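Since chain F is already given, all that's left is putting chain A on it; use the hints.
Chain by chain, the residues:
There are 2 protein chains.
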Amino acid sequence: MLKPIPLKNIRIHDAFFSGRIETARRVAIPYMLDALNDRIPGVPRSGCIANFEIAAGRKKGSFTGFVFQDSDLWKWIEGAAYSLAGHPDPELEKEIDRAIELAGEAQLPDGYLDTYYIINGIEKRFTNLKDHHEMYVAGHMFEAACAYYEVTGKRALLEIACRFADCIDAHFGPEEGKRRGYPGHEEIELGLARLAADTGEPRYLKLAAFFLDERGKQPYYFDREAEERGEKAPGERKNQFQTYSYYQADRPVREQTAAVGHAVRQGYLLAGMAEVGGQTGDAGMTDAARRIWENIVSRQMYITGGVGSTHEGEAYSFDYDLPPERCYTETCAAISLAMTSVRLGRIAPHGKYGDIVERTLYNGILSGVSLDGTRYFYMNPLEVWPERCEKRQDLRIDAERQGWFGCACCPPNVLRTLTGLGNYLFETDGDTLYVDQYVSCSAEAELESGRLSFEVESRMPWEGLAEIRILRPAAGCRIRLRIPSWAGERRLLVNGRETECEEKDGYITLEGPFREGDVIRLELPMQVKLMHAAMHTPNYAGRRAVMKGPLVYCLEEADNGKELWNLSLEDGPAEVEHRADLLNGVDVIRLRGQRETTDEALYAEGEVSREPAELTLVPYYAWGNRGKGEMAVWIRKA
Amino acid sequence: MLKPIPLKNIRIHDAFFSGRIETARRVAIPYMLDALNDRIPGVPRSGCIANFEIAAGRKKGSFTGFVFQDSDLWKWIEGAAYSLAGHPDPELEKEIDRAIELAGEAQLPDGYLDTYYIINGIEKRFTNLKDHHEMYVAGHMFEAACAYYEVTGKRALLEIACRFADCIDAHFGPEEGKRRGYPGHEEIELGLARLAADTGEPRYLKLAAFFLDERGKQPYYFDREAEERGEKAPGERKNQFQTYSYYQADRPVREQTAAVGHAVRQGYLLAGMAEVGGQTGDAGMTDAARRIWENIVSRQMYITGGVGSTHEGEAYSFDYDLPPERCYTETCAAISLAMTSVRLGRIAPHGKYGDIVERTLYNGILSGVSLDGTRYFYMNPLEVWPERCEKRQDLRIDAERQGWFGCACCPPNVLRTLTGLGNYLFETDGDTLYVDQYVSCSAEAELESGRLSFEVESRMPWEGLAEIRILRPAAGCRIRLRIPSWAGERRLLVNGRETECEEKDGYITLEGPFREGDVIRLELPMQVKLMHAAMHTPNYAGRRAVMKGPLVYCLEEADNGKELWNLSLEDGPAEVEHRADLLNGVDVIRLRGQRETTDEALYAEGEVSREPAELTLVPYYAWGNRGKGEMAVWIRKA
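From first to last, the protein sequence lines are chains F and A. Read in order, the letters of the first sequence correspond to residues -5 to 632 in the working numbering. Read in order, the letters of the second sequence correspond to residues -5 to 632 in the working numbering.
Hint data in this document are derived by calculation from the structure and do not stem from the laboratory. Take every hint as true, because none was put in to throw you off.
Capping the alpha-carbon separation at 25 Å, the derived lysine to any residue pairs in SDA-like fashion look like this:
hint	chain 1	residue 1	chain 2	residue 2
1	F	K226	F	F60
2	A	K523	F	V602
3	F	K385	A	Y214
4	F	K631	A	S603
5	F	K523	A	V602
6	A	K54	A	G36
Predicted model, so just to flag it, every value in this text is computed and none were measured.
So here's chain F without its partners, still in its complex pose (with noise of 0.2 Å):
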């Protein structure tokens, strides 16, 4: 399996992310702090530290929040500790420590450490995975134990982790006296098999491979722990919610052929495999991910890299569904989705799993998070009406980014996005580097024959070009760098000779060996495409997305005016314009199409009036920061 480059072997220093990251350092950051301690008037509370304090015993009160309220410190801690990597803050580590110190409080002797049943009453725990999220929230610190250890070696969160591991796998397992179950919102799998990485403790790996094949077997453990309850059974129930393939246990994992239920459970279930799958070398799990992620890419994944079709559930529906107004895709499933892609491509290495990373990262992640850094959108739909969004009590989607939820979920995962981003960059394996995406920073990767140090300088996603210079080679070094799928004829130099490479599986190679200074330089022209979706998705017949590079564009209402839908695309050559003074700088597309006027009829005969219009669209990631209007990705082609 491929190990990418850890994290503090990273620096970023990219036009395009860096202002983004430092956002999120700067404003989400102390911001986030701030929501989990109810300093922020205005936003609904959250109640996060404050009931890890009552659990302590440090003051009196009682639980706030959802039963995973205290994810959010995890998804905090584990992107502030990412953010050190990348930018060492003493300040912000002690505040991290503090937090720790608070948990390790909290935590009981056995090892427990979930606030809401420390305070509501610790018999009950482990009495209902189904819903009550325990096993989610660990899985959440587990992650954020590995990241802070990852990059500072404290060794305190993950000791605690360690102990709350020890617990669950004492109480679950295939063994006599142990629990068969599992949970019913996936993520520990991913936690405990990062946990087993970091700590080389196998128990770890092999309780999350049971918690992935216990999946879905029957007699089904939500029915038995629902009747131990005293309740009636879920698979009795009627309300899909209620259903197993919600949770992803209608059946074996292994048996599991398309993406269903809840989109966040879906991803992360789906990084668990891969993860677990990768480490234990079992082909029959990473197939049955591979499998998986083939039916979201082909036919349940919006052009943005979006998913989760129906707000039901906050869902996957169905092969083809993506209406594009009425779409969940929520922040987070878009992030398990690159969460699961990385993994399947460290596992076999292809160039469209980093095409996805790519898509997700560059549209569907980054709109979930205002330019300024402080506001948020749960559901990223690809086209809004405002006033349908506001007067439609069935649409359920915001017409704008909201300053914090009462299921705060998505905003720390956009912040672990960004300031673990170079988790996503680079592999290695053994002498191979994999540039997967070109993001200009400086970085070292341990290969077999040594270390290689590097830096990337990269001018996307606004120019197909990126230079990758070798500052210290390692000896038996070679270089794969993935080749996107939106790119054309390309070009190669090294050194400044132009050289020929095949693609394989998404990449071309390069073997070496490199000598200081080299430098690799890569030429992918950047056109602006029409993109078509196909003929089985109902939504989009006669209907054109424009993208450049990796970016999706769309049409605001800031740039075009209202009733977007009147306009349509005509033939004809694109104009790019690079404005700087423009949403933190964007490259805006200009193209020529039509705006169709009617008389005041609500039905009329004859033809329609047709006016030459200009249409102007900026990359889908920034829309709405400029007030609240109308956006469309898909244009009528006229």
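Below, chain A without anything else, positioned relative to chain F:
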């Protein structure tokens, strides 16, 4: 105010409607009676007659169904009564008399008659006007009583109705000691006004006017009754079903300007306002009704005459929000729009009212029932992808008509509309006969100067041809013929001689005198028209709906294969063929078009393949009679 020709004076023999009416008489009337008597295996149990039997003390048991279950009987009686006008049937009359006898037995000494409260505890009656539908049920009873009395002259049900009306009048009104309540679901206003007209009792009209004008006054009655029940006032709740606009009670009806809330309630309110305003000559009331009606037909009505854009609250949403797939467009709501339109036309005659009656009748109402008369749509969407209906939990659209509903409001409503079709055809005013709908029939109208007998022979909706033959003239008679909005160049011939007639307010007027045997022939060329929607509606830009005369057409999978969204319309001549063998005989329209195909990639660049395709369209009312399949009214223009 204009008056309709009484139903008993009309005999319909129309090539288009008589078959549907006969199916209603022979199939739907006995089917529904069986359903009300719980004699049909496999359909949801009604319990309607059983409730009356329990209330009458004939048997023991508990109440079954909704709080408004009684209304199914009343609507069935209304529909069956109208049927007797066109087709005397002693056996059916006996069935109705038996039901009336049963209802009389169930009626309490003080006149109260609602089996829900008689069975469940009379002390709670009139304590929840907002949600418990007693007034709605009473309104349907009054309409049934009037219908049966008007057709048969029998007074038994009329007297039961008067006793209940007196009971309600004793409890509600502006007078000291009475309650200032009004119903959460309107209908009683129309029922009381009809009862006033048939009995000459002015108290009923006064009570109806009271109910209308009391709506929306502050402090809100719904708050007061909720507080009296010890509950939270609905105004404090967030759920839209609990807000006052859902009930058209957020402000006084005279101040309302747009259709809001539950669509059927809105429609019955408007019909009541028009009926009461028309009878009392209250211009303020009728102006308000007309204003709301204008809002509907100019901004909130589907091209089929369906209304109600959202399933949330079965409600109107807002101006120009008319999504074709995700609509509610309840059959009952379209009926209520026809009921309102015909009444507004009686107050200030204008062809536009008959246009809406025609649009709803031939499209959004008739689509509610299968050609064989046994299956019903509650919702009448303009676009159906069955897989989405079945798999997307948030869509809530049936892809196929159902045999019966737990909430069985639509089937008897369609029944009473079809058997009562004569109510929508003609109006009289002094010596003027208004011909609003061209349906073949013979009729007698009582004009100021005597009785006018005439026949109508119409080829509509397939040909724009109607002849009116005078059988027995009335001395001072003049005739006004509605010119439908779809008509282009018209020809009017009187006894074969072309006659010029100016159109005014949607009518042409023929001054008499007429002689026996005079034939007035109206020729309205009927062309296939491609209709577009107002630019303010977001879902229709670049699309067209095909109409011919009053009929809206649609694509069905049965004729055009799957994935209708890949079809688009080209310019070119329309081919019309009458197919006597298809769908009980329809004109099929064929148009030149294209089918787009793409390869299997979910998103791809490049040209989309186009192949010529012949589009075959059938009338919308007849869709869904050939098994489950896709349907679309609005088609992309290539």
